[in-house]
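Peer 1: Quick mapping for you: the protein sequence lines, in order, are chains A and B.
Note that the working numbering numbers the first sequence so that position 172 is 172, with each residue one more than the last.
Each number in the working numbering comes from the position in the second sequence (counting from 1) with 1000 added on.
Hints are computed from structural coordinates only; laboratory data are not their basis.
There's no promise every hint is true.
[As the list claims (entries may be wrong)] The following label-pair restraints were derived from C-beta to C-beta distances:
#1 A:R477 with B:K1013: 47 to 53 angstroms
#2 B:G1086 with A:E94: 22 to 28 angstroms
#3 B:L1087 with A:A67: 54 to 60 angstroms
#4 B:G1086 with A:T51: 39 to 45 angstroms
#5 A:E289 with B:Q1059: 34 to 40 angstroms
#6 B:G1086 with A:G15: 22 to 28 angstroms
#7 B:L1087 with A:R233: 25 to 31 angstroms
#8 B:S1026 with A:G265: 47 to 53 angstroms
#9 A:Q479 with B:I1024: 32 to 38 angstroms
#10 B:I1044 with A:Q479: 47 to 53 angstroms
#11 B:I1024 with A:E289: 41 to 47 angstroms
#12 A:A110 with B:L1071: 16 to 22 angstroms
[To be verified] On the chain A side, residues computed to face chain B include the following (Cβ under 8 angstroms):
#13 L238
#14 Q240
#15 I264
#16 L300
#17 G333
[Unchecked claim] Listed next, the in silico BS3-like pairs over lysine-lysine satisfying Cα-Cα at most 25 angstroms (straight line):
#18 B:K1030 with A:K332
#19 B:K1030 with A:K417
#20 B:K1013 with B:K1030
From a predicted model like this one, the values you see are computed outputs, not experimental measurements.
Glycine included, C-beta positions come from ideal geometry on N, C-alpha and C.
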Amino acid sequence: MTELSALELARLIRGREASCREVASAFLHQIEARDGVIGAFLAVDAERVLTEADAAQALVDAGEGGALAGVPVAVKDNISTQGLTTTCASRILEGYVPPFDATVVARLRAAGMPVLGKANLDEFAMGASTETSAYRVTRNPWDPERSPGGSSGGSAAAVAAGLAPVSLGSDTGGSIRQPAALCGVVGFKPTYGRCSRYGLVAFGSSLDQIGPIGRSVADVAALSEVVTGHDPRDSTSLEQPPVRADLDRADLKGKRLALPRELIGDGVQPGVVQAVERAIQRLQEAGAEVETVPLPSIRLGVTTYYIIAPAEASSNLARFDGIRYGPRAEGKGHVGMVERTRGEGFGPEVKTRIMIGTYALSAGYYDAFYLRAQQVRGLMTREFNEVFERFDAVISPTSPVTAFRLGEMTDDPLAMKLLDLCTIPANMGGFPGISLNCGFSEGLPVGLQLLGPVMADERLLELAHAVEQVLPDAHIRPQTA
Amino acid sequence: MAITLDEVRHVAKLARLDLDEAEILSFQGKLNALIGHFADIQAIDVSNLPPTSHAVAVQNVWAEDVPQTGLPRELALKNAAVQRAGLFVVPQIIED
Chain A
1 MTELSALELA RLIRGREASC REVASAFLHQ IEARDGVIGA FLAVDAERVL
51 TEADAAQALV DAGEGGALAG VPVAVKDNIS TQGLTTTCAS RILEGYVPPF
101 DATVVARLRA AGMPVLGKAN LDEFAMGAST ETSAYRVTRN PWDPERSPGG
151 SSGGSAAAVA AGLAPVSLGS DTGGSIRQPA ALCGVVGFKP TYGRCSRYGL
201 VAFGSSLDQI GPIGRSVADV AALSEVVTGH DPRDSTSLEQ PPVRADLDRA
251 DLKGKRLALP RELIGDGVQP GVVQAVERAI QRLQEAGAEV ETVPLPSIRL
301 GVTTYYIIAP AEASSNLARF DGIRYGPRAE GKGHVGMVER TRGEGFGPEV
351 KTRIMIGTYA LSAGYYDAFY LRAQQVRGLM TREFNEVFER FDAVISPTSP
401 VTAFRLGEMT DDPLAMKLLD LCTIPANMGG FPGISLNCGF SEGLPVGLQL
451 LGPVMADERL LELAHAVEQV LPDAHIRPQT A
Chain B
1001 MAITLDEVRH VAKLARLDLD EAEILSFQGK LNALIGHFAD IQAIDVSNLP
1051 PTSHAVAVQN VWAEDVPQTG LPRELALKNA AVQRAGLFVV PQIIED
């Protein structure tokens, strides 16, 4: 049963061929049997999952709930779940139990989707390998010696390993799309503002966006419809209806795709380039037009991102002071207590970003760093928007590399940061972006990324669905251990 | 512009991070390395570029002024390390 897609599971449940409890139990069983190796979850409360499954069943029996009613979902552990720990994989939130649900979680409940558990991540979503988690290592289901990517590594690994049919992640610089690529699944970052951030523990507020991960574009589109839509509790939420794609409309004929020259050459693994080029050839055979274009500002993205995201993070993370939540350390006076609590509670990567961000915002440096980065961000957005005037989407690898060995990147922070090269532009410009598996390099999945203009979420999902149909490797799953 | 150890200590103070000497040294190296990489955007002419705050900016977001039930006090306090008499307890701030 755990091999079925989310939409197939929902059909079984609606057709009374399986109960919500049976489906939830099947995934709980998989987690118990295999998560000791994979390490995708930080918290699973089996009793609570079954209670939520029964509540979902009541919705289904009453003919209510959404298209995915009864389908369980894994939720990244930086998304607040009432009554269930939310740690951001950080010691500073050890044992924290939110008194409220994030809007996306409230929407899951209303749609009859039980929360299976909380998925591992890089501490506060800062990283691209899930290795900065303070609690556990997550392993790539394709090769347990390798990283699942990150920061939503637990969410992607859970879906790839069949521990959850779908999951939610968050994406600040590629944190949904890159792990989806490295784990061979589909990950979607909606347009900034289409998915409420209320209850998402803030990292880079002007960049963060929640989105779904699944085993097919259809599953991801169905979950997008559940969680997106206007939310008055998030002042950056757009007054737009939920993302409702019409996948039957998907067609590649005459679609114009731009391939940035900067993302297909130097710095991208040859095996990744080959897989993407093979995929592009198939798209062309199916009637799509692909043109290589220059997008020189892409090269400025990593620098710009590593100023803006830490600056915003240093401000957002000021709230962790040992007073309202989280453990408290002993220190001299009030300030001493706060400094010790933060010094002990944050891991090295989070401290690094707080230090960079604080420096970049400090007196005398604001104009040279943060203000300038925000100006360059405008330049990048303009360059992409000019491309979107002539093309339906920008196509590229999602990650310059396939899944790397655990520990391989941690000693080389700049190599790690370059991993975000292909994904950062979508966060800078607020563009919707999706990654799907387009093939393999030495047995490891290669992600293909499609970016669309702001508010073109539906068209992007439809295009990705059409692309998926002509890629023979799109749905290959790892052998279950 | 190389960052000195004293500057690192100053930034740590601003960030309210208690760092040991090994960390201070390590951050000096990391910050200097990163700032070296920031050079590529220093060369860009930004004189005619307005700064972006949010990618998809939303203006004049108003909420109806209607009373709503807030978080119950016991729930708001539940995660506090130290609480007393329905309040968060903090170390003494004003000296005797």
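Peer 1: Against this structure, judge whether each hint is valid.
Peer 2: Here is how each hint holds up against the structure:
no., hint, in the structure
1, A:R477 with B:K1013: 47 to 53 angstroms, "holds (51 angstroms)"
2, B:G1086 with A:E94: 22 to 28 angstroms, "holds (24 angstroms)"
3, B:L1087 with A:A67: 54 to 60 angstroms, "violated (46 angstroms)"
4, B:G1086 with A:T51: 39 to 45 angstroms, "violated (31 angstroms)"
5, A:E289 with B:Q1059: 34 to 40 angstroms, "holds (37 angstroms)"
6, B:G1086 with A:G15: 22 to 28 angstroms, "violated (52 angstroms)"
7, B:L1087 with A:R233: 25 to 31 angstroms, "holds (26 angstroms)"
8, B:S1026 with A:G265: 47 to 53 angstroms, "violated (34 angstroms)"
9, A:Q479 with B:I1024: 32 to 38 angstroms, "violated (48 angstroms)"
10, B:I1044 with A:Q479: 47 to 53 angstroms, "holds (48 angstroms)"
11, B:I1024 with A:E289: 41 to 47 angstroms, "violated (55 angstroms)"
12, A:A110 with B:L1071: 16 to 22 angstroms, "holds (20 angstroms)"
13, L238, "holds (7 angstroms)"
14, Q240, "violated (10 angstroms)"
15, I264, "violated (21 angstroms)"
16, L300, "holds (6 angstroms)"
17, G333, "holds (6 angstroms)"
18, B:K1030 with A:K332, "violated (28 angstroms)"
19, B:K1030 with A:K417, "holds (13 angstroms)"
20, B:K1013 with B:K1030, "holds (17 angstroms)"
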